[in-house]
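Number of protein chains: 4
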Amino acid sequence: MIVVMKPFATQAMVDRIRGRVEELGMKPHVIVGVERTVIAATGSESSGIQAELEACEEVEKVMPILAPYKIASRETRREPTVVTTGSLTVGGGHIGVIAGPCSVESEEQILEVAAQVKEAGATALRGGAFKPRTSPYAFQGMKEVGLELLAQAREATGLAVVTEVMTPHHVEMVCRYADVLQIGARNMQNYHLLQAVGETRKPVLLKRGPSATMEEFLLAAEYVLDQGNQQVILCERGIRTFETHTRFTLPLATVPYLREKTHLPIVVDPSHGTGIASLVPAMAAASVAAGADGLIIEVHPNPSKAVSDGSQTLTPAAFEATMHTCRKIAEVLGKTM
Amino acid sequence: MIVVMKPFATQAMVDRIRGRVEELGMKPHVIVGVERTVIAATGSESSGIQAELEACEEVEKVMPILAPYKIASRETRREPTVVTTGSLTVGGGHIGVIAGPCSVESEEQILEVAAQVKEAGATALRGGAFKPRTSPYAFQGMKEVGLELLAQAREATGLAVVTEVMTPHHVEMVCRYADVLQIGARNMQNYHLLQAVGETRKPVLLKRGPSATMEEFLLAAEYVLDQGNQQVILCERGIRTFETHTRFTLPLATVPYLREKTHLPIVVDPSHGTGIASLVPAMAAASVAAGADGLIIEVHPNPSKAVSDGSQTLTPAAFEATMHTCRKIAEVLGKTM
Amino acid sequence: MIVVMKPFATQAMVDRIRGRVEELGMKPHVIVGVERTVIAATGSESSGIQAELEACEEVEKVMPILAPYKIASRETRREPTVVTTGSLTVGGGHIGVIAGPCSVESEEQILEVAAQVKEAGATALRGGAFKPRTSPYAFQGMKEVGLELLAQAREATGLAVVTEVMTPHHVEMVCRYADVLQIGARNMQNYHLLQAVGETRKPVLLKRGPSATMEEFLLAAEYVLDQGNQQVILCERGIRTFETHTRFTLPLATVPYLREKTHLPIVVDPSHGTGIASLVPAMAAASVAAGADGLIIEVHPNPSKAVSDGSQTLTPAAFEATMHTCRKIAEVLGKTM
Amino acid sequence: MIVVMKPFATQAMVDRIRGRVEELGMKPHVIVGVERTVIAATGSESSGIQAELEACEEVEKVMPILAPYKIASRETRREPTVVTTGSLTVGGGHIGVIAGPCSVESEEQILEVAAQVKEAGATALRGGAFKPRTSPYAFQGMKEVGLELLAQAREATGLAVVTEVMTPHHVEMVCRYADVLQIGARNMQNYHLLQAVGETRKPVLLKRGPSATMEEFLLAAEYVLDQGNQQVILCERGIRTFETHTRFTLPLATVPYLREKTHLPIVVDPSHGTGIASLVPAMAAASVAAGADGLIIEVHPNPSKAVSDGSQTLTPAAFEATMHTCRKIAEVLGKTM
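Protein chains in written order, with my numbering: chain W, -8 to 328; chain E, -8 to 328; chain B, -8 to 328; chain Z, -8 to 328.
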C-alpha cells in the first residue's frame, strides 16, 4: 500500500502516519521525494486499513498494490478451472453453449426450443422461471411450474439446465431442478444470495452487474468461492455506458483481461450485451474470437411472440447459422465447441 | 406507443403490424410519411407490448409515450408526499437531516455520535448494522447487536433510526428496531426485498442504484408502492461514470427532475455521492439549493478510526458548520430545516 | 417527428402546436390517446424544427423518426463503399491492415518497422508526425520531418501512409506526404478541420470520439462527405466509460451496427481501444470476427523504448502472430486479408 | 512514481528496472513486500517516463504520485486567480454572470436580450457567432456579422462580450470584437486552438469536454497558461454518462474539487448541463451553493423561436427570478453577485 502525504507535510505528520501504519500491522518505508513524501507499507493489505489511512488528514491518497480477491486470483491457482455438469463443459479449451428462451412460457414452448437448440449444438438449456423485471407490472415468470418444465426438457434432451435464482429463500428449491444456478446482473452484489449459492455444490453462473468494475466482479465471485463452492463461471453481459443504440455496451476485452487475472472460466451473453437480435451473430463470433469459454444466447421458436426480450432473441435458424460460424472460429483457436 | 416501420415497408407489412397492434389491445393510427410509415398505437401501453412489437421484423423501432410507473407519478397524485416518523419529517417544505456513522461500532460510539448530530440539528440517526461490503473479507456489521444499539441511541436522543435491511429474511427483525428501512444502492433492483419492505408499514428510504435510470429508479419505488406502502423516500447517492476523482458522480439535476415526475420526497447523500469528506459541505449546500427534501450525511466522532468509509465522513464540528450553511440556504428557499 | 403534448393539454394548446408544425413546413396528424395527445409531423425533419418544438411550453417531448445523416446512410446508397489507395483496400470483403508506431521517431525506426509490418502482411503504414498529447509537456511529434520520413518509408516498402492532421492550416502540407488523412478522436467534432479534409480528395480515416454517439459519429462523417469527399473510413477506437482496467472500453457491436446504418467501411483500433499490449491480439481477432473491414494496430521494434504509447504497442513478433490468427478468421468469414 | 513489479519477479528483473529508472533520471528506492516488489522512483515525473516503464514486460503497473499540470496547480500559486475584463469579474468572492442567447440571430434580438439580462443583473453577454453544430445541415452562426452585433450590444449596454472561437485562423478576428474567448467543449483538446488563444492576452473561458477527466481539463488549461496567458476561466458544462433524462449530467462536485487543486476560477453552465429550461433555475442555485465563481446561462426573448437550443433557454422573466435566488445564496456564502 502506498500512502502519499499531502504537500508541505511536516516531519511530525510523516512520523504520525508512519506510526499509524505500524499500529495497523504493516511495515512502513518512508521515501522523501522533492514534492511529496510517500510511505510504502508492506504486509497484508485490507480495504479497512486503506480506509483508515485515507481518513487521516495528513494523507493525500492511498494506493493499494495488491488485488483484494484471493481465491479467484490466478496467483493462487495457475491452472484454469473447468466447470462440468451433465452435458455442459465450460473452460479448458471447450466452449460451452447455453441457449434457450428468456422465459419459460409453456411445456410446448420449452420442449420445442430445447430440441431445436440441442440440434444446433447447444450443450445446455437456459430459461427463466423466476424473472427479475424492471417493472412490477411485467410478467414475473412461471416460478416453480417453470422449473418443473425445465427439468422435463432436460429429461427429453439430456441438456443441462441453467436458470436464475433471485433470493436466498429459493436456493434450495431451484437446486432441486437446476444444474447451474444463475445469479442475474441486478443481483451481482446481493451478498446474502451469493453466500447462499456458495453454500451449495451446484455450479454458479455469475453475471457481471452493469456498472461493476472488474474488481467488484471478482470480489462477488469471491463471496461464492469463500463459502467453499469452487464452481463459478463468470459471465460478461454488457455494461451501462452513454451508448443508447444498443441495450448495453458489450466490452469483450473483459475476456482476455480476466484470463490474466483469474483461473475461472468466462462466458459471454451477446443477447443482453446488445439487445438487438441482428447484432447477436457477429458478437457471438467476436466473443469466441476474443477467447470466451462459452456463450449464453437467447433463442425462441417465434421471437415476436416471446413474453420477454423478443427483440434480442434469435430464431432457431439464426442460432444454427451462428453456431456454424462460431465453431469454425473455435477451430482456428484450437478449441472444441 | 409509436411504431416506426422499416424503410421500404410494403403495404402488406404495414397491414400485418396494424393487425398485431389491434390483437395486443391497442388502437392503431397509420401515418404515411415520405421516408417512413409510422403507426401510432393508443391505449394502455406495457413493456410486454413494446417488446412484442420490437421483435417484429418489419419494425425499425418502438417508442413508448407514457411513463411505465403509475402510483409514483405526479399525474396520479399532484400533492407532494410527506414522510413523517417520530422526529423525522421529509418533504412538504421541511428538510429532514439524517446523520450518523457508516457503521454502528460500539455502544459508546453510537451514543456519542447520536448526541453530537442531534445537537447540530439532525432529525434522524443513521448507522449500518448490516453492511453490504464489496469484499467478503471486510467488516460486515454488528448485525442484531447493532440494531439494539441504534434503538438505545433513539431512547437516549429521541432521534428516529434509519438503517439498512439487506435481505427479505431480515425485514421483520429490522422492523422491530428501525423507524425507516433503508434499501441500499446495490439492492435497488432486488425485487423480493422491495416487495418485502412494501408489505410493511415502515417508511422506506430507497437509494438509487449507481447505474439506474430515472425510470428504473421510479419503477423500483413502484414495487414498494404497489404492495400498499406509500411511504417511500427517494435518495440520490451518486452514479457511476468515467469520473474517478470522486467515488461517484453526484447528479443533482435528479432533484428538480424527479420533482416534476413524482410526488415522492427526494433526499441526497453527499457522503457516498462524493466519497471525499472535504467536498461534502459544498455538496450538501448545493443539494439544499437544488431543492432536496432532505440530506443523509456520514458523521463520526473520529473519522480516521471509523471501521468503514472514514474518508467520506465528517467530524461533528464539520457537520455542525455544514448544517449552519444549509439552514440559511433553506431559509432563502422558504423552507425549514 | 412525433410531438408528445403535456398531460392535461387543452384543445387550444393542441391547435396551437398543430399550427406551429404547419408553419415549420411539416404536415400534422393529431392522435388523441387516453392519457396523451400526440401530433405526428410528416415531411422533412431537421434538428432546428425539433429544437423549436421542444422549446414550446405545451410540449412534453419531441421524438425524431428519421436519421439526421443522409449521404452516409445506407438508405441513400445500398452498396458498400470500398476505399482504395495504393497498397491499401478497405471494405468489399477485403480487410485492410494499417500498422506502425504511435509516433515517427527517427529514420531508422520508421524504416525498420515499415519493413517488419509489411513482412507480416500489413497493407498500410501508420505513424504520427503531429501528435495530439494530453499534456503540453509531452512529445508533440517530429512534424514535417516526420512526414518526410513516412514518405521515405513508403518509397522503401510500397506501403500506403496513414497519418494524422490536427488543424486546417496543415491539411495541404499533410496531403503532400500522406495517402490517408487521419482525424484523431479528440478532433472528431472539429468541424473546420472536417470541412478542410472534405475539400481534399484524399481518403479520410475518421476516428470516433471517446464520448460520441453513433449519430454524432455519422454526422461528423457527413461533414466530410458533404464537401464532396466520398472516401471516408470510420474507425472505432474505444469509448470512455466507468471501466478503468483498460484505457478505453472497446465496443465491437459498433461494427455490425454501423454495417446496418451506413455504406462506409469500418475499421477497429484495438491498440487505443484497450491500451494494453497483451489484450490487443484477442481484440484484433474479435474485431475481424465482428465483421470489421480493417484494423489499425500500433507496432514498434522495441515498445519499451517508444516515445509514446509503449504499453499498448505490439512487438513485430506479436503482430505477426496476431495477423496469422486474424487471417484465418477472415477466411472463415469468406474475406481476404 | 511507484513502479509495481509483476508477481514472481526475479532479482534480475528488479535490478533491470531499477537501472531503467536511473537511466530515465529518477532515483529508485526498492521495497520488497511479501507478494510484490515495488520501486518508488523520486524526482521529476513525466508522462513519457511513465509510458516507458509501463511498456516494460517485468512491470505490472506504474502509479504517478504528482499531478502532471504545474502552472494551473494550487501548489504553484496559493492565491486565487481573479479574471476581470470590463464589466465582468470572476473569482475572489465575486460571482460573474454571463447570460444571453445561444446564437446571435439579428440586431434586434441581441440588443433586446442584452438589455434584458443587464437589467436582471448579468455582468457579461454571451452569444454565438460561430456555432459548432453536430449536423452540417444545422445553422452555423452569423459569423463576423454576428461578432459586429455583439460589439454593438456592448456599446449599448456596457456588458463585456463572451463568444466562441472555433479555429486558430479566426482567433485574431474574434479578438477584435470579444472580451473573453470561449473554447467550446468539443474543442477542449484542440491543441492548436488552445495554443493560439494562449498567445493572445484575452481572458479564455475553457469549457470542459463531455468526457474529460479533471486531469485532462487542467492540462488543457495548462496549454493556454503555458503560452503566457494567465487569464483562464474553467467552465463545467456537464459530462456524458448513461443518463438520458437530461442532455448531459452536471457534476457539481467539480467546483469544490477544482477549488482544492487549482487557483483558476470556476464557472458553471446549467443550460448545457441539463438541456432543460425548467431545471436551470435549481441548478444555477445549486452551482452558487457549491461555490462557483460564476454562471453562464442561456436567455432568449422568446425561447421557442430561438434558432438553436431553445429547450434549454430561459425567458428573461425566469432568468430574473433565478438571479434573485442566486444572489441571496451568494450572500449566505459571503459573496457578491
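Calculated from the structure, these hints are not laboratory results.
Note that this is a predicted model, so its numbers are computed, not measured.
There's no promise every hint is true.
Where chains are identical, the list cannot tell them apart; a pair therefore holds if satisfied intra-copy or between any two copies.
Calculated pairs, DSS-like style, for lysine-lysine (alpha carbon to alpha carbon, straight line, at most 30 Å) [unchecked claim]:
id, residue 1, residue 2
1, Lys(-3), Lys134
2, Lys252, Lys134
3, Lys252, Lys319
4, Lys18, Lys296
5, Lys296, Lys109
6, Lys319, Lys52
Results of checking the hints against the structure:
1. In this assembly of identical chains, the alpha carbons of Lys(-3) and Lys134 never lie at most 30 Å apart, being 56 Å within a copy and 37 Å across copies at closest.
2. Neither within a single protomer nor between protomers do Lys252 and Lys134 lie at most 30 Å apart by alpha-carbon distance, with minima of 37 Å and 33 Å respectively.
3. Proximity of Lys252 to Lys319 under the C-alpha cut-off of 30 Å is found in both arrangements, the shortest distances being 27 Å within a copy and 28 Å between copies.
4. Proximity of Lys18 and Lys296 under a CA criterion of 30 Å is satisfied inter-copy only: 19 Å between copies versus 64 Å inside one chain copy.
5. Taking the shortest alpha-carbon separations for Lys296 and Lys109, only the intra-copy value of 21 Å comes in at or below 30 Å, while the best inter-copy value is 52 Å.
6. Taking the shortest alpha-carbon separations for Lys319 and Lys52, neither the intra-copy value of 49 Å nor the inter-copy value of 33 Å comes in at or below 30 Å.
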